[in-house]
Structure formats: C-alpha cells, structure tokens
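From just these sequences and the hints, can you work out the full model?
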Amino acid sequence: MNQMKEKLLIFSFSLIFAQNGLILPGQRNAVQSISASMGFSSQDLSEYILQEYGMSLKDLSREQGADIIRAFQTGSIVKPQKIIIAKTPKEALKIAQILESGMQKRFHFFDGTIREGEILSIENEIIRLKTSSGIFNIPSDQFLEESAQITNKNGELFKGAVLGETVEEFIIRTAYGDAVVQKRDIQKMKRYHGGILDRQSEERTKFYQGEAKLINVFLDPTAFPLAGNTFYLSGLSIGYGLTDRFMITSKIGSDFNNDLNLHPRFRFYHKKSAQKEVAASWGIGLHRNYPVESILSKYSHAIEVDSASTTIPFNEIKEISVDEIKKSDLDPRFYVEGYVVFSSRRVNPTGRGKIGWSTGFKVSNAFNNKSSLIKDSVSIEDQNYALAWSQNKKYSIPFRAWASLEYDLRKDLKFLGSAWVDNGYRSMAFGDLLKDYIGDDGTAALSLESSSGSVSMVDFDFGMQYTVNENFRVGLHFQQPYIDFYWEFFEF
Amino acid sequence: MIKKLFFSLVFFISFGFSQSRISSDAIRKVRLENFQKNYAGKVIRFLGPKNIQVEGKLLDVTPESFILSDNTFQKAYSHRHINHVYVIPNKKDLLLACSLSIIGGVVSYFSLLVSKENPKTQIIRSVVFLGMITGGLVGKNTFYKPLKIDISGKTYG
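For the protein sequence lines, the chains are A and B, in the order given.
For what it's worth, the working numbering labels the leading residue of the first sequence as 1, then goes sequentially.
For what it's worth, the working numbering labels the leading residue of the second sequence as 1001, then goes sequentially.
Don't read these hints as lab results, they were simulated from the structure.
Ideal Cβ positions, reconstructed from N, Cα and C, are used throughout, including at glycine.
Please note: incorrect hints may appear among the correct ones.
[Unchecked claim] When the alpha-carbon atoms are kept at most 25 Å apart in a straight line, the in silico DSS-like pairs for lysine-lysine are as follows:
hint: 1; chain 1: B; residue 1: Lys1140; chain 2: A; residue 2: Lys276
hint: 2; chain 1: B; residue 1: Lys1037; chain 2: A; residue 2: Lys159
hint: 3; chain 1: A; residue 1: Lys159; chain 2: A; residue 2: Lys105
hint: 4; chain 1: A; residue 1: Lys272; chain 2: A; residue 2: Lys213
hint: 5; chain 1: A; residue 1: Lys276; chain 2: B; residue 2: Lys1120
hint: 6; chain 1: B; residue 1: Lys1140; chain 2: A; residue 2: Lys271
hint: 7; chain 1: A; residue 1: Lys276; chain 2: B; residue 2: Lys1148
hint: 8; chain 1: B; residue 1: Lys1154; chain 2: B; residue 2: Lys1029
hint: 9; chain 1: B; residue 1: Lys1037; chain 2: B; residue 2: Lys1057
hint: 10; chain 1: B; residue 1: Lys1145; chain 2: A; residue 2: Lys213
hint: 11; chain 1: B; residue 1: Lys1154; chain 2: A; residue 2: Lys272
hint: 12; chain 1: B; residue 1: Lys1037; chain 2: B; residue 2: Lys1091
hint: 13; chain 1: A; residue 1: Lys393; chain 2: B; residue 2: Lys1120
hint: 14; chain 1: A; residue 1: Lys276; chain 2: A; residue 2: Lys153
hint: 15; chain 1: A; residue 1: Lys271; chain 2: B; residue 2: Lys1091
hint: 16; chain 1: B; residue 1: Lys1145; chain 2: A; residue 2: Lys271
hint: 17; chain 1: A; residue 1: Lys394; chain 2: B; residue 2: Lys1116
hint: 18; chain 1: A; residue 1: Lys276; chain 2: B; residue 2: Lys1029
hint: 19; chain 1: B; residue 1: Lys1140; chain 2: A; residue 2: Lys435
hint: 20; chain 1: B; residue 1: Lys1057; chain 2: A; residue 2: Lys271
hint: 21; chain 1: B; residue 1: Lys1091; chain 2: A; residue 2: Lys130
hint: 22; chain 1: A; residue 1: Lys153; chain 2: B; residue 2: Lys1148
hint: 23; chain 1: A; residue 1: Lys276; chain 2: B; residue 2: Lys1116
hint: 24; chain 1: A; residue 1: Lys394; chain 2: B; residue 2: Lys1120
hint: 25; chain 1: A; residue 1: Lys271; chain 2: B; residue 2: Lys1029
hint: 26; chain 1: A; residue 1: Lys105; chain 2: A; residue 2: Lys188
hint: 27; chain 1: B; residue 1: Lys1091; chain 2: A; residue 2: Lys272
hint: 28; chain 1: A; residue 1: Lys272; chain 2: B; residue 2: Lys1042
hint: 29; chain 1: B; residue 1: Lys1042; chain 2: A; residue 2: Lys276
hint: 30; chain 1: B; residue 1: Lys1092; chain 2: A; residue 2: Lys271
hint: 31; chain 1: B; residue 1: Lys1116; chain 2: A; residue 2: Lys393
hint: 32; chain 1: A; residue 1: Lys271; chain 2: B; residue 2: Lys1042
hint: 33; chain 1: A; residue 1: Lys370; chain 2: B; residue 2: Lys1116
hint: 34; chain 1: A; residue 1: Lys190; chain 2: A; residue 2: Lys58
hint: 35; chain 1: B; residue 1: Lys1091; chain 2: A; residue 2: Lys153
[Said to hold, decoys possible] Reference excerpt, derived from the structure (chain B facing chain A, CB under 7 Å, subset only):
hint: 36; residue: Ile1102
hint: 37; residue: Val1114
hint: 38; residue: Phe1143
hint: 39; residue: Leu1147
Right, dumping it as structure tokens:
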C-alpha cells in the first residue's frame, strides 16, 4: 500500500515537473558556448534574445532554449556583424511609418514615454497630439512603430503595423494589404513597439484577453467547453474537446476503481462579440459503478445517529466508519448528475483582459432509494445506535448551486472567486484532503470523497491561477482542493 | 491677385491631402462582409434616413444595401449613411433570460432551506420572488440585450 502511495506521489510530482519550465542550466551554457563560437559577444547574445523573445536568456523557456540551440546549429541565426547595429539599441528602434490625423490610441515614444490621445494635425513633420494632460507638439520621428502579430482561431497569422483599434477589430497593414481582424476571432496576439516585443505593456498594462480560458472555476464548470481537438489533463480528470461546443471528461480515480464514468458537456447557446461572450451549457455525469460509500461519505452529515434520544450527525462520530453503517449486500449503483450553467465574459473597461462570471445548478440521483443504503442500527461497545436519514427538507434532493468569478489581473494571472450553496459540502483541512486524495483514508485514490470535515453548506472561496506556459496552469485557493493544476494541449 | 489665389489653393489642397486617412471604404466593406457572415438570419434594427427606425430579418448585405424581410416582403434599405446596427435578441435569448430567473428562484429557495430551519411560507415566497427578480435582471442584461455592431469605415477608436 505504501509503495503504491509512493508511486502515486512520484507520478504526480513528475507530471507537475514535466511541464515546460525555465531554460535548463545546460541549455544556457550550450547557448552561450555555441554563440561565442560563432562570434557573438555576451552583449550581442543578450540583444539578440531581447529582440527576438522580449526577455533575457535566463527567463527563456526550455522550448525556446532548444529553438535557439537548433537555430545556431543550423546556421539560421546570422553572425553578429550582420545584426550588430553601430547605433545604440534605442536608435535601432523602428520609427512609426504611418501617422495620420484622427489616430486615437496609446502612442509609445522614442524616449520611453507613453501618451494616450488623438493626433489633431500633422504639419512639417510635427505632430499635434491631444491628450487628457494637454496638447503636445512632437516630431514625427519620435513616435515608435506599433506592430502586432495576431493569430486568429482559423490559424491565420497576420503581421504588420497597427493602423487602428476599435472595440470590434484591429486594423493591420500587412505586406500584402490592410487586414481587419475581428477581436472575437483572436486566438493569440503579440504587440511590438519600435519593433521589440513589449512584454511589460503587453502583459501588465493593456491586453485583450488572458492566456487561460477557463472551463472550470475550482471544481465548478463554466459554460465554455474546451476548444475543439484540445486534450485536457488535471489531477482529478482527463478530457477532450470534440468540437468547439462539445467536450467529455472522465474522473481518473473512479475509472481505476472500476467505476467507469463520462462527463459530457454541451454548449447549447453561444453569442460572441468583441466586447462580450455569453454562453449556456448543460452537462451530465454518468458513473457505471458508483460506490455507495461515496454517497454515504459525501452526505454523512445527513445521516442521524440516535442514542438515548440524542441525535448526532454521522460525520461527527469518529468511532464508526462508513463501511459499518452501509448495508452489507449492496452493489455499486448507477449514478447520474446533471447541471446547467450560464457564463458571461466581457472586456474589462480598464483594458486589462476580461471579467467573467458563471452560475449554475446541479442535482444528482444520490438520494434515490436512500433508505436502502444504510443499516437500521449499528452497535458500538455493546450499545445500539439507530441510524436514519434526516427528514429535514434541506436534504430532500442533493444539489449544488454556484456563482463564480474570473478576473484577469495580468495576461498570465487570474483572480478567481466562487460562492455556493451545497447540501453535501464539507470544509476540510489540507492534511485531511491530502489523505483523501492519495487514498490514505480508505477511499479511492485520485478522487475526493472523504466523510470528514465540517459541514458548510453556504460558503465561498477565492484564489489565483497562474499560466506557467501555453499548456500548463497552476492555481492556489483556500478551500478544497486547495491546489489546481492542469494541462491543455491544443490541436492534439 | 491670381498668383495669391493660386498659392492659397495649392496650400489648401496640399493641407487636405496631408490629412488623408486610410481608405475607409475598404474597411467598411470588410465590416459589412463580416456582418453578413455573422448575423444573416438575425433580426436587426437601425436608424434609417429621416430618423425612421427600420427593423427586420437580415437576409443579405450588398455593397449598397441591406436586404431585410418582415416575414412577408423583402425590401432593400440603403446602408450608405448608417454606421451602427443593432442585432435584436430573439426568443431563444428571452428563454435563456427566463431560465436564469427560474434558477435564481430555485437557488434562493434552497439557500433559505439550508440557512434557516422551517422558514415561514411568507418568507419562502418573498425570498423566491427576490431570487427570480435578481436572476431575471442578470439574465436580461446578459442574454436579452441588443448587440451594437459597427459597420462604419472609421479606423480609429
């Protein structure tokens, strides 16, 4: 059993660490030595990496590190004399080629300053710019070129100078003509100022959307399913987006315990504009052999243990286990749950990503014929205790209703919050939860179904989620399961 | 005098050309194509000439006009001076808003049950009613709201 647990832990950790993290020291050394052998000084290398990736060598990912090494080896990176610019790096910045009266946006300047306003007129290369702080006369060669690289959801890639941005589109001058790219179709976008990727501005000041598009907030689904042909793997489940509106997940822990299960989700309503996206979905969960113990554990607080006219909820009695109150001849049962969820996301008026909310309601058949699941009485130390399901109306059906919030703090960081009403919810300490997850409490591993914890039917939670790279996300919050991590592999 | 007039003309014309904008016609054309692609079959509304409000099902968009249907007749309306069009919510949107209202009522009922032992019928009714109103308002603002679409040739926000 212990060996099994160790293997599980090693497996989980190796999954976490297998993601594409920062560049390895070996890769860094290789980049430095190969570049030096090709005549690059360390400054040349830093400048090259800054220009191409918008960061320093130590901040590159492993994948980017491997790309650079490959590029050096294949000779696709030109020698420094070709990329060394006799001028200072600032002079190497690209000057805006297209400036016209009426242009209204955030302008970046040669000296590093930024002003937001409208060009009133252009006379003799002097641009009259009106901002909320006043009117400025600025030489046109001080304006940096603003360009973008946009990939839309069809996989088309556009590169060029940003002519304008409206609430609906970006207008880009490409080498082959002007492109109007609808914001609703944008999959990925990078912005450059003066020809250099402006990571600071891109990630912290203004961005169209965060990198992660959530399909769940903590354990509750949103109405946005996985994108088509996307593979999903988390600590609790695996899933696949079959189309843009239909996805299926399955709980790994239950699958390995002979309880094969499928959780399809279908988006039956969807509207999207550049400013706002709304959707509604339904989902069901089907379990072939759902253990009766899981139902009794989840709703242990709804089982009353009666002795000498004192009634105590079952979850407060440590001396009796779930197995002892379960009727002995019971087989696992067919379990089904269904939910409907509504979601909305809109552009944050501050220009920093999006704000979204979801609300949903879930019911299950866990209480079907519930009186047949438990014994009439149980004896402890020669004393008999009567067992019965609570007759309180709040246990008439198993339900969960939730409202959740997502807020882009940065392009790679989201604030998440959720509030719920759930007659099966119990708040658990992290230690108990870990025991439950690895199966140390007698329940199945890789699933959450402990009978411990304090009843908390109306509760809330909040936390953060960080996008480590294109595929891997990790989140931290203050209620179970405390830590979220998952991978999404697009075009899988 | 003629020389002065000539120079003035040259000055004004050159000033005018120095302000030339990106071809707005091309951008308007793309927007109209996108509009047709995304919203054909939906009911749209716009303010036509002489401030007459026009509403109908969008069948097609030609370079000159919208082809709208009122379920009986089809008619072309010029979109030459129209910069914004509203896409009107339909029955499905209304149904979604109503279902959110129902869910609001159900959630309020269960919230009351778990937070208060044996609540009075009057309290239940009030809470459910409030929940339905709140859900309905959220639903209306989320799902049952006209969508404003820009079809102008304006390049800058």
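Given the hint that A/Lys272 pairs with B/Lys1042, test it: the Cα-Cα distance must not exceed 25 Å. Holds, at roughly 14 Å.
Taking only the CA atoms, is the gap from A/Lys190 to A/Lys58 under or equal to 25 Å? 21 Å, holds
Let me know if the C-beta of B/Ile1102 comes in closer than 7 Å to any C-beta of chain A, holds or violated. 9 Å, violated
Checking one constraint from the list: CA of B/Lys1154 to CA of B/Lys1029, max 25 Å. Satisfied? Holds, at about 11 Å.
Between the alpha carbons of B/Lys1091 and A/Lys130, is the straight-line distance 25 Å or under? Distance of about 46 Å is beyond 25 Å: violated.
Does B/Lys1037 pair with B/Lys1091 here, judged by a C-alpha cut-off of 25 Å? This hinted pair holds, its Cα atoms lying about 21 Å apart.
Does the interface hint hold: is B/Val1114 within less than 7 Å of chain A, judged Cβ to Cβ? 4 Å, holds
Hint consistency between A/Lys153 and B/Lys1148 [alpha-carbon to alpha-carbon, up to 25 Å]: Holds. A/Lys153 to B/Lys1148 sits at ~23 Å (cutoff 25 Å).
For a C-alpha distance cap of 25 Å, please report whether A/Lys271 and B/Lys1091 respect it. Roughly 14 Å between the alpha carbons, so the hint for A/Lys271 and B/Lys1091 holds.
Does A/Lys153 sit within 25 Å of B/Lys1091, going by the straight-line distance between their CA atoms? Violated, because 29 Å separates the two Cα atoms, which is more than 25 Å.
Holds or violated: A/Lys394 to B/Lys1120, with C-alpha atoms at most 25 Å apart: Measuring from Cα to Cα gives roughly 14 Å; hence the hint holds.
Regarding the pair A/Lys159 and A/Lys105, is the alpha-carbon distance no greater than 25 Å? This hinted pair holds, its Cα atoms lying about 19 Å apart.
Hint compliance for this structure: hints 5, 19, 21, 23, 35, 36 are not met, and every other hint is.
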